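Residue numbers (my numbering), protein chains in the order written: chain A, -3 to 109; chain B, -3 to 109.
In short, the hints are calculated from the structure, not lab data. Remember, predicted model here, so these are calculated numbers, not experimental data. A couple of the hints might just be wrong.
[What the hints assert, rightly or not] The calculated lysine to aspartate or glutamate pairs, modelled on DMTMM-like cross-linking and capped at a C-alpha distance of 20 Å, are: (1) A:Lys86 to A:Glu24; (2) B:Lys86 to B:Glu24; (3) B:Lys7 to B:Glu77; (4) A:Lys99 to B:Glu66; (5) A:Lys99 to B:Glu24; (6) B:Lys7 to A:Glu66; (7) B:Lys99 to A:Glu24.
[Claimed, not checked] Covered stretches of chain B, as calculated for chain A (at least 3 residues, CB under 8 Å): (8) 35 to 45; (9) 101 to 107.
All residues carry an ideal CB built from backbone N, CA and C; glycine is no exception.
2 protein chains.
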Amino acid sequence: MSAAGFARTPKPPYYAVIFSSRRNGEGEADYAAAAERMFGLVQTQPGFLGAESARDAGGFGITVAYFDSEENIRLWRNHAEHAVVRERGKREWYEHFEVRVAKVERAYNGPNS
Amino acid sequence: MSAAGFARTPKPPYYAVIFSSRRNGEGEADYAAAAERMFGLVQTQPGFLGAESARDAGGFGITVAYFDSEENIRLWRNHAEHAVVRERGKREWYEHFEVRVAKVERAYNGPNS
């Protein structure tokens, strides 16, 4: 999803939407196209700070999207095209998912920043 | 890391340690053994609620560990064996990592809970 890998986030506080999911193995081409489209779209959203994503060979994946505020998370959640794709994901692509919205309070990195 | 995939977390609030990392491709056997050992060890820690982990074929991974409190996150951070392995990770296994500590405020799941 994010070719570069790491999100370049500002100093906390900010918000994280942690999306854990298991794919059902169906519709890979459609799923990949929709994921790419959503990744492009979210970057145009107010308050979007970055995203990180990894999916293992077994189909379990974690995507974390960072936003500056709860209000802008809600705006993205209510985005019309995003809502349509999300419903399609529930019907067609995910065996199960968990969404957790969290406030990032502190952050650090390594081995070299 | 977590064979089952999803963490069974309680109702918020609780805490998430979001660990994003890129492996350097070195020492895979040692790294895998240490990761398995740490995954076993963290489950014995006070306040540990669960963990989720995914790493893609390119070596970029996200692990999220859930705890009941900041205090228990600190206890795990200060655990002697964990500290030794963490330092080894910095020296030997990771090209880069980001750690973000966040308070989970709300959560939901789908398509069926």
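How the hints compare with the structure:
no.	hint	result
1	A:Lys86 to A:Glu24	holds, 14 Å
2	B:Lys86 to B:Glu24	holds, 14 Å
3	B:Lys7 to B:Glu77	violated, 30 Å
4	A:Lys99 to B:Glu66	holds, 13 Å
5	A:Lys99 to B:Glu24	violated, 33 Å
6	B:Lys7 to A:Glu66	holds, 19 Å
7	B:Lys99 to A:Glu24	violated, 33 Å
8	35 to 45	violated (count 0)
9	101 to 107	holds (count 7)
When the structure is compared with the earlier hints, violations turn up for hints 3, 5, 7 and 8 and for no others.
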